[in-house]
Amino acid sequence: MTSSEILFDSPADPVVEGPVLQVEDLHVSFPSEAGRVRAVRGLSYQVSPGEVLGIVGESGSGKSVSSLAVMGLLPESARISGSIKFQGRELIGRTDAELSKIRGRRIAMVFQDPLSALTPVYTVGDQIAEAILVHRGGAVSKQAANKRAVELLDLVGIPNAAERAKAFPHEFSGGMRQRAVIAMAIANDPDLIIADEPTTALDVTVQAQVLQLLETAQEVTGAGIVIITHDLGVVAGFADRLMVMYAGRAVETGKVDEIYQQPRMPYTLGLLGSIPRLDVGEKQALVPITGQPPSLTDLPPGCPFAPRCPMVVDACHTAEPPLIDVDGSPEHRAACIRTGEIAATDTEGAEAAAEIFGAEVVEEPEIAKVPREQRDIVLELDHVVKEYPVNKGVVFKRRVGTVHAVAGISFDIREGETLGLVGESGCGKTTTLMEILGLEKPMGGEISVLGTNVSSLDSKRRFEIRRDMSVVFQDPMASLDPRLTIHDVIAEPMQVHGYGKDEINRRVPELMRLVGLRPEQLSRYPGEFSGGQRQRIGIARALALEPKLVVLDEPVSALDVSIQAGVINLLEELKSKLGLAYLFVAHDLSVVRHIADRVAVMYLGKIIEIGEVDSVFDAPRHPYTQALLSAIPIPDPVKERQRERIILTGDLPSPANPPSGCRFRTRCFLHASLPPEQQRTCIELEPPREVQAPDHEAACHFAQIRQVL
Amino acid sequence: MTVILNEGDSAGTAGAAPGGPVDAAPEPGKAMTRGRLVFIRFLRNKLALVGLVIIVAMYLLAFLGPLLSQWSYEDRDYAAFLQPPYADHIFGTDNIGTDMFAQVMRGLQKSLIIGLLVALISTTVAAIVGATAGYFLGVADKALMWVVDLLLVLPSFLIIAILSPWFRGKSWWLLVLMLAAFQWMITARIVRGMTLTLKEREFVKAARFMGQPARTIIAKHIVPNMASLLIIDATINVAAAVLAETGLSYFGFGVQSPDVSLGTLIGNYAQSATTFPWLFLFPAGFLVVFVLAVNWVGDGLRDALDPTSTRVRRKEKKDTEEKAA
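From first to last, the protein sequence lines are chains S and R. Note that our numbering has the first sequence beginning at 1, numbered continuously upward. Note that our numbering has the second sequence beginning at 1, numbered continuously upward.
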């Protein structure tokens, strides 16, 4: 038997007609101290062979629990009722041993975190081979399984598959690990693949690769796919049907196009309206869904979304609305008693959301009316360099190399302006931030804050400058000391800078109100707040000293979309009211487009394109910017399907050993299409940053506009 | 221009956390100080309160008890040898007619002081050394860890034994310092490791970037976040110190006769535990109760200091339910 024969053989059992997965009235509950948590409450859906179902919802909506129930991976304490039929056979009530025969063979799962999905002590190849041997141990020899593992790795696009199969998971990058996990998932030619947030932990460029790979996997295996995500953009181009979940139930189901164009449940509307759009140039009103998902222990009667719904009427509180057909379409169903009224509005999609939720475009700050050249420079970086030594040896350390984390970057931020700094992880964004915040003399180049060169600072002056510059971190969990009350957290910068006690006590509640929190909550600990609230507290702390510049390190990437919109709006309001300048570091280009005035794109320690945000996004000159932009999914199925996606090959090269000449050339599609003599230019000469348009510079020898949105 | 106050995700808290807010502020709008909050949370833990009461009672008993008794620990009652407890000698007497109550009280005084002081000193030293080494790294780290490693390889028992003739007749403080000097190293290493991870947490970075000096960061952010570890360590150290003192005294190196400690008493009368039980049971019983009480207080403090501790929450929930009912 050749290995390709066993690669995708026909299943031993006859193919069953009808849906591959049929879930009927599924209920899952867990015991907890506060009572039973009813995580899934009467969920029904089905997946046909070859169909992609997207399940969308906020964290805690029961989307992951319901799919774990399908896999039979819930803990013993979970109580499950209802029916889960896989190819016509009931799965509920089967023993773990019986389920194990189906799991991994017929139903495969791709988890969110590819690092914890792989065992660190076995090679990647062995783990894939194991997946085959476990299910076909009798029929397949070990050698054949190993050979097939290599083929699968090749199939999922891992270069040098034979060699890389012998590598351990930690030697793979995040994207490669997720590929390996997908290879493992399709190893036994499953009939159903459940992907639980498969791209959440990955960079956008890698996300595009993985989504494409899932599509390939589906074509190869013909399996039905359930893709679970909180990001409506991800599923827009990929899924056929969509199910929106809220508080353990489906609140809207239907064809992807119908849901995106005619959402009929206010929650779906809100979700759509809360996403900043990459393809919208003018300022867009973001819809924050107020409040939080309800506690699933004791739900009040009535619609669970009612407390957060802008369209709530008294009737909403009486009974939970069932899923009803809307627009006369049997496939589009929504659980809302006012679907008819939503259908009657003139506007559609996100605009309707803004109208119904009453979201408004935040006004531009006063200072923005002053021409940029006349405003003061708040922060200026001039060819800043940061390198780390790579050492080897324990007793006698010797330097074996240098990581060029930041390789000479220059930009400036003026008063009342937001600069978005974007790039893949590992490109040096965070190092740049730390260099700025450290206020130490950089290894090379110069940093000036408010016109003062930091290398000339004595410690007293440095301390004074810290007043004018503050920081908001990414992780709202880690950025607040869990041992301090909120009052102490917000008061800390003022105590450091010698504010009087009375002034602190007056200002702390003021700051709480400024960020939209209630001052009564000041004596609580950070642990009692949700992620969005904690991020607001972090912002309040950053504003305590009335800084001129706020450095934001991915401030919204750890938050749910609906909460994210609220925080973005808050940041915009504060900027407008207080005339702040932001340095906004993010990997999400949609958020950057929404909030930033100017954007700088970083690649491997260098800024490769910088300029006014609309100019860069509408007419990107650098191939990397083009690829980055094309990788961002747009929450619009029609547009998304028509878009041409530039898939970057491979991963970011190591900053310890960057390519010669143009650093991007190893992954550049433009470079690959050039004749050899022009390619030599890329290899030998580092492209300088050149002006391409007013306030728009790019560093590419062969820069040309390419529209990707 | 107005800022649209987004009550947004703030409005949801109260509803989202069933069982009510964890620390319902008695005066809304006025922030409680941290110390007061910890105190209130501590008071909620009944067992810890019992422990605290026991410890206070033991101190009172150990220092006031002898004043009420007609016997001192050095007196001998030649009319009563090896008498079981009776009205004149409520804890009985030993083979040379010394009143056991007086002896146990004297021993308790010594042990209470030695145990608590040693634990306090060694844990404080461990926290300071570990956090300093972990936070500053570099030369400070190398030097401090060298000292730690050196002290770890020295046989502490032997050294104290060898030095004991020298501090014979001198203040008992020396014994306390000696015991403490050999008890902090392992904790210091753990503290250093935890500091290394805590240092990378964003709230520490945030404090650094707002200009907070290093010693304040250590005192305000790093050490409190290790409070659980330090408190548990301190309570273990109390027991360890008492036991170490017991061991030394047993071999005649620690507390010197005619002075007594719980350790010397237990050492002297261990053989009589079955024949003349009151000789052994009273000192041993006090030791056990004392160590237990210290542990309860330690647990309570840890729960009170740790805002995420579930034990307090469960209790609070019960309390609120009771109030509701």
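Hints listed in this document are in silico derivations from the structure and should not be mistaken for laboratory results. Just to be clear, a hint being listed does not mean it is correct.
[Unchecked claim] Calculated lysine-lysine pairs in the BS3-like style (CA-CA distance at most 25 Å, straight line):
id : chain 1 : residue 1 : chain 2 : residue 2
1  : S       : Lys501    : R       : Lys220
2  : S       : Lys460    : R       : Lys142
3  : R       : Lys199    : R       : Lys142
4  : S       : Lys397    : R       : Lys220
5  : S       : Lys441    : R       : Lys199
6  : S       : Lys392    : R       : Lys46
7  : S       : Lys142    : S       : Lys166
8  : S       : Lys501    : S       : Lys283
9  : R       : Lys220    : S       : Lys460
10 : R       : Lys205    : S       : Lys441
11 : S       : Lys166    : S       : Lys369
12 : S       : Lys397    : R       : Lys199
13 : R       : Lys199    : S       : Lys392
14 : S       : Lys441    : S       : Lys460
15 : S       : Lys460    : R       : Lys199
Treat the numbers as computed from the prediction; the structure is a model and nothing was measured.
Subject >> 25 Å limit on alpha-carbon distance, applied to hinted pair Lys166/S and Lys369/S >> reply: With a Cα-Cα distance of about 60 Å, the restraint between Lys166/S and Lys369/S is violated, given a limit of 25 Å.
Original post:
If you draw a straight line from the CA of Lys142/S to the CA of Lys166/S, is it 25 Å or shorter?
Top reply: holds, 15 Å
Subject >> Hint consistency between Lys501/S and Lys283/S [alpha-carbon to alpha-carbon, up to 25 Å] >> reply: violated, 41 Å
Original post:
Straight-line Cα separation of Lys199/R and Lys392/S no greater than 25 Å?
Top reply: Given that 25 Å is the threshold and the Cα spacing comes to 24 Å, the pair holds.
Subject >> Pair hint Lys220/R and Lys460/S, alpha-carbon separation not exceeding 25 Å >> reply: Satisfied, since the Cα-Cα distance of roughly 22 Å is no more than 25 Å.
**OP:** Decide if the proposed pair is consistent with the structure: Lys392/S and Lys46/R, CA atoms, cutoff 25 Å inclusive.
**Re:** violated, 55 Å
**OP:** Please work out if Lys441/S and Lys199/R have their alpha carbons no farther apart than 25 Å.
**Re:** holds, 22 Å
Original post:
Is Lys501/S within 25 Å of Lys220/R, Cα to Cα?
Top reply: holds, 18 Å
Original post:
Are the Cα positions of Lys397/S and Lys220/R separated by 25 Å at most?
Top reply: The given pair, whose Cα atoms are some 35 Å apart, is violated under the 25 Å limit.
Original post:
Between Lys460/S and Lys199/R, is the straight-line Cα distance small enough, at 25 Å or below?
Top reply: holds, 24 Å
**OP:** Compare the distance between the alpha carbons of Lys205/R and Lys441/S with 25 Å, and conclude whether the hinted pair is satisfied.
**Re:** Holds, at about 18 Å.
Subject >> Proposed proximity, Lys142/R with Lys460/S (alpha carbon, max 25 Å) >> reply: violated, 29 Å
In this structure, the earlier hints numbered 2, 4, 6, 8, 11 are contradicted, and the remaining ones agree with it.
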